[in-house]
Amino acid sequence: MLKKCIQSANKDCIIIIQPSYPLYDAKYYPKEVEKLKNYTTENGIAYLNHWENWPPGDSEDLLSYLNEDETAPSPRGQKAWADYLTKVFVAK
Numbered sequence: 007m008l009k010k011c012i013q014s015a016n017k018d019c020i021i022i023i024q025p026s027y028p029l030y031d032a033k034y035y036p037k038e039v040e041k042l043k044n045y046t047t048e049n050g051i052a053y054l055n056h057w058e059n060w061p062p063g064d065s066e067d068l069l070s071y072l073n074e075d076e077t078a079p080s081p082r083g084q085k086a087w088a089d090y091l092t093k094v095f096v097a098k
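Take the sequence shown: its position 79, counted from the start at 1, is 85 in the working numbering, and no numbers get skipped.
Warning: the hint list may mix true and false statements.
[To be verified] Below, simulated BS3-like cross-link-like pairs (lysine-lysine); rule was C-alpha separation at most 30 Å, straight line:
(1) Lys-9 / Lys-37
(2) Lys-17 / Lys-93
(3) Lys-10 / Lys-43
(4) Lys-43 / Lys-9
(5) Lys-85 / Lys-41
Just so you know, these hints were derived from the structure itself, not from any lab.
With the hints as extra help, turn the sequences into a complete structure.
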């Protein structure tokens with residue numbers, strides 16, 4: 007429904023969805039992100055899986071990619087995310 011609404015305003019637009027940053031040792035959030043990924047697949051929406059550039063969610067290494075209170079990516083996490091987006095959007 008959202009896709010139709012957006013594309014009715016601009017038929018040439020492309021919809022791209024990506025999750026927020028991964029959370030350390032999260033139980034439910036990864037399941038919700040998987041549902042989001044499935045939704046995009048089922049509805050022909052591009053999905054950017056930048057999580058592949060981050061350590062696994064259950065790895066303490068992920069903590070160095072998050073700020074101290076885990077409310078945002080640290081500079082290292084920002085770089086991981088930006089590197090993924092650069093790989094996707096910038097031609098070499």
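Structure-based check of each hint:
no., hint, in the structure
1, Lys-9 / Lys-37, "holds, 23 Å"
2, Lys-17 / Lys-93, "holds, 26 Å"
3, Lys-10 / Lys-43, "holds, 18 Å"
4, Lys-43 / Lys-9, "holds, 15 Å"
5, Lys-85 / Lys-41, "holds, 26 Å"
In this structure, every one of the numbered hints holds.
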